[in-house]
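Single-letter residue listing:
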Amino acid sequence: MNLPDPPLADAMRRIEDAFSEGGEARRVPPSPDALRAAEALLFAGGEPISAKALGEKLGPGVDVAAVLMQLKSDYAGRGVQLVEAGGAWRFQSAPDLQRLFAENREAPKKLPKAALETLAVIAYHQPVTRAEIEEIRGVSLSRGSMELLLEIGWIRPRGRRRTPGRPLTFGTTDAFLSQFGLASLDALPGKDDLKALGLLDPRAAQALEVPRPSDEAAPDEEPLTEGDDAASFFVDHLGEDE
Amino acid sequence: MNLPDPPLADAMRRIEDAFSEGGEARRVPPSPDALRAAEALLFAGGEPISAKALGEKLGPGVDVAAVLMQLKSDYAGRGVQLVEAGGAWRFQSAPDLQRLFAENREAPKKLPKAALETLAVIAYHQPVTRAEIEEIRGVSLSRGSMELLLEIGWIRPRGRRRTPGRPLTFGTTDAFLSQFGLASLDALPGKDDLKALGLLDPRAAQALEVPRPSDEAAPDEEPLTEGDDAASFFVDHLGEDE
Amino acid sequence: MSDSTEDQIELDLVAAEEAEGAEALVIALDVFEGPLHALLELARAKKLDIAKVSVGEIADQYLAFIAEARAANMEIAGDYLVMAAWLALLKSRLLIPKPQIPVDEPDPDDLANALKLKLMRLDVARAAAKRLEEMPQLDRDVFLNGQPQPTILTKTAVWRADLYELLNAYCAERAKSVRKRAYKTLVRRAYPLEAARKKLEQALVKLEEWRTIDTLAPLADAGPEAPPRESYLASTFGAALELTREGKAELRQAEAFAPLFVRGKTEAAHEPA
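Chains as they are written, first to last, in our numbering: chain Z, 544 to 785; chain G, 544 to 785; chain B, 431 to 703.
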């Protein structure tokens, strides 16, 4: 969000220069020890680990990115894969082997369709307000959809629109990315295509009234500040909906 | 990379024996699909899985022993290994990487009041014997206070008093100074400072002497010599107090 | 989520998938979330490309769909009717030659385009939801290690104390000892009962005559810390009472405030015959 100020930028350039004397080719293949350790931590540990945390575990001098890339390619095509999801790396069973587990595991509860569609709108259009979601879906949000998503922890309030009433804007969480195996929001399927079609701006094409109008203007969003009542918002609505 | 060590070879032989009732000739290298499925099942299954159960999952026509052996050798030397225990198979981290799963966390703990008071008396009155501490505090030393302070390393035996019984004298350590942010013992606030800080009430200040502690040997103190049994003192008392 | 909601969703899905004609749509009316959904399904059922379809055509179908539903005596939510009315209006405006439309009214072509865009956006949202649903989901399609290796936690106690606490502890400790000392000197200012008793016992061994108690009390010690004379007398009196109770001494007094006499009681005299 903030660009480094000039002296800092200079300093960074100097550091980079100092390390890249040889030009581009300073990527060294990771040592077998680093690979084994990373493999043990990621595979046997079970908990997803961020690249940063992994780097701390592996110690200084280990090129974590190279380790991850190497492991990822080692396991590509195997029954277990290394993936990045929601800011952390994890081994998981290959998606195409899902049938192996179908009989033994109780299928997780399916998200109701209205909630899933709401989630999709939030994922693709974020930051987006409640009114904008309604505008896109052409219906009032059924009670409970947003609240359910908040409760599962897949969406979060991320700021406020600078418009009258300062409505909350919503976005998705890392837990959402993790659930759907997405490294980042850019990995949302088809996002680039939709963006190119101009279909992802929640505030586009609102000048003209079609029934179920929204009075939303198209201004900026301001991030939540401490002491904002976003938290109480959950509580109120979650409570109401029980 | 690694040749199977003897126990592994034994295990393999046992599996082979178990499955090769019909003779030698039906060994076919396992298919990639069977390997992938077995890998996923061993990884994501909730518990170690027996060769028999694995065979049922993989379906007929799959040589489970061959699959297990192939996986075992695929993973030999990696950070994760396939191991058999009690007739069931599971992945686990390589034994030499166990340390990656040990984490040491520091738990800050408040020094008990009795130990803090004892420490304060030692700091101001050093060199001071155990009996003198008791006399100054007017209570007998609670078990463990001195021992705890010795263990933390904030106090040390610094000499012996030239009196009958030659009792050990105690003083504070450099670790004590750095813990409390003192440049030297001289930096301990004196009586006037304590009064000015409002810590010592005027009546007590009048009746009391607040000594100026020093690192230097007192006239009636002889420094510890090598071969003194002061060291064994710790051990005895630390042991006693467990 | 209640089961009825899920049932409804199932119905909705089935309806949407099977909606090949207006009849299915009529049946599905109450499971659509709103008129836009119905409109979209209608377009899809007729295999219309929303981006290319004429709004007039889609409006016709919607109106027919609503009319059919009414004929079947179905209850139709208000917003479906609002949409129907709006679409009828829009369609009529689209038929009117442009020059005849008042300047202060919106251009019907723009309205039609806005509706198309809205439908496209809804279509995109529904497609996105479908793709999201199809993504490999954790604990549905992909699974983490089922037997993760536990981390062995060891905790090292780090003892914490700051200088203020240390100084405070020292001062409190010392102030306490000052108070204690003051109390101790008060104790010493009384002649101990134990001592008085010992002295009196020794004196009584050789004493067969009555003696006033004040002549038996030890002489006061000299010195600043010594107890007052009264304390010796009081303690000796206490000791005398105790010895008398134990049968080792006898006490006698003529009247209140008269001199108190004490003498030893011989063992023999005390022994029952």
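What the hints contain is simulated information worked out from the structure, not anything from laboratory work. We treat Cβ as the ideally placed atom computed from N, Cα and C, and that holds for glycine. Incorrect hints may have been included.
[What the hints assert, rightly or not] Listed below are the simulated DSS-like cross-link pairs for lysine-lysine, each with C-alpha atoms no more than 25 Å apart in a straight line: (1) Z:615 / Z:600; (2) B:678 / Z:734; (3) Z:600 / B:585; (4) Z:734 / B:606; (5) B:560 / Z:738; (6) Z:652 / B:560; (7) B:606 / B:628; (8) G:653 / B:606.
[Said to hold, decoys possible] Now the stretches of chain G that chain Z is said to cover, found in silico as 3 or more residues with beta-carbon under 8 Å: (9) 578-589; (10) 622-634; (11) 695-701.
Outcome of the hint check:
{"no.": "1", "hint": "Z:615 / Z:600", "verdict": "holds, 18 Å"}
{"no.": "2", "hint": "B:678 / Z:734", "verdict": "violated, 110 Å"}
{"no.": "3", "hint": "Z:600 / B:585", "verdict": "holds, 18 Å"}
{"no.": "4", "hint": "Z:734 / B:606", "verdict": "violated, 74 Å"}
{"no.": "5", "hint": "B:560 / Z:738", "verdict": "holds, 18 Å"}
{"no.": "6", "hint": "Z:652 / B:560", "verdict": "holds, 16 Å"}
{"no.": "7", "hint": "B:606 / B:628", "verdict": "violated, 34 Å"}
{"no.": "8", "hint": "G:653 / B:606", "verdict": "holds, 22 Å"}
{"no.": "9", "hint": "578-589", "verdict": "holds (count 9)"}
{"no.": "10", "hint": "622-634", "verdict": "holds (count 3)"}
{"no.": "11", "hint": "695-701", "verdict": "violated (count 0)"}
In this structure, the earlier hints numbered 2, 4, 7, 11 are contradicted, and the remaining ones agree with it.
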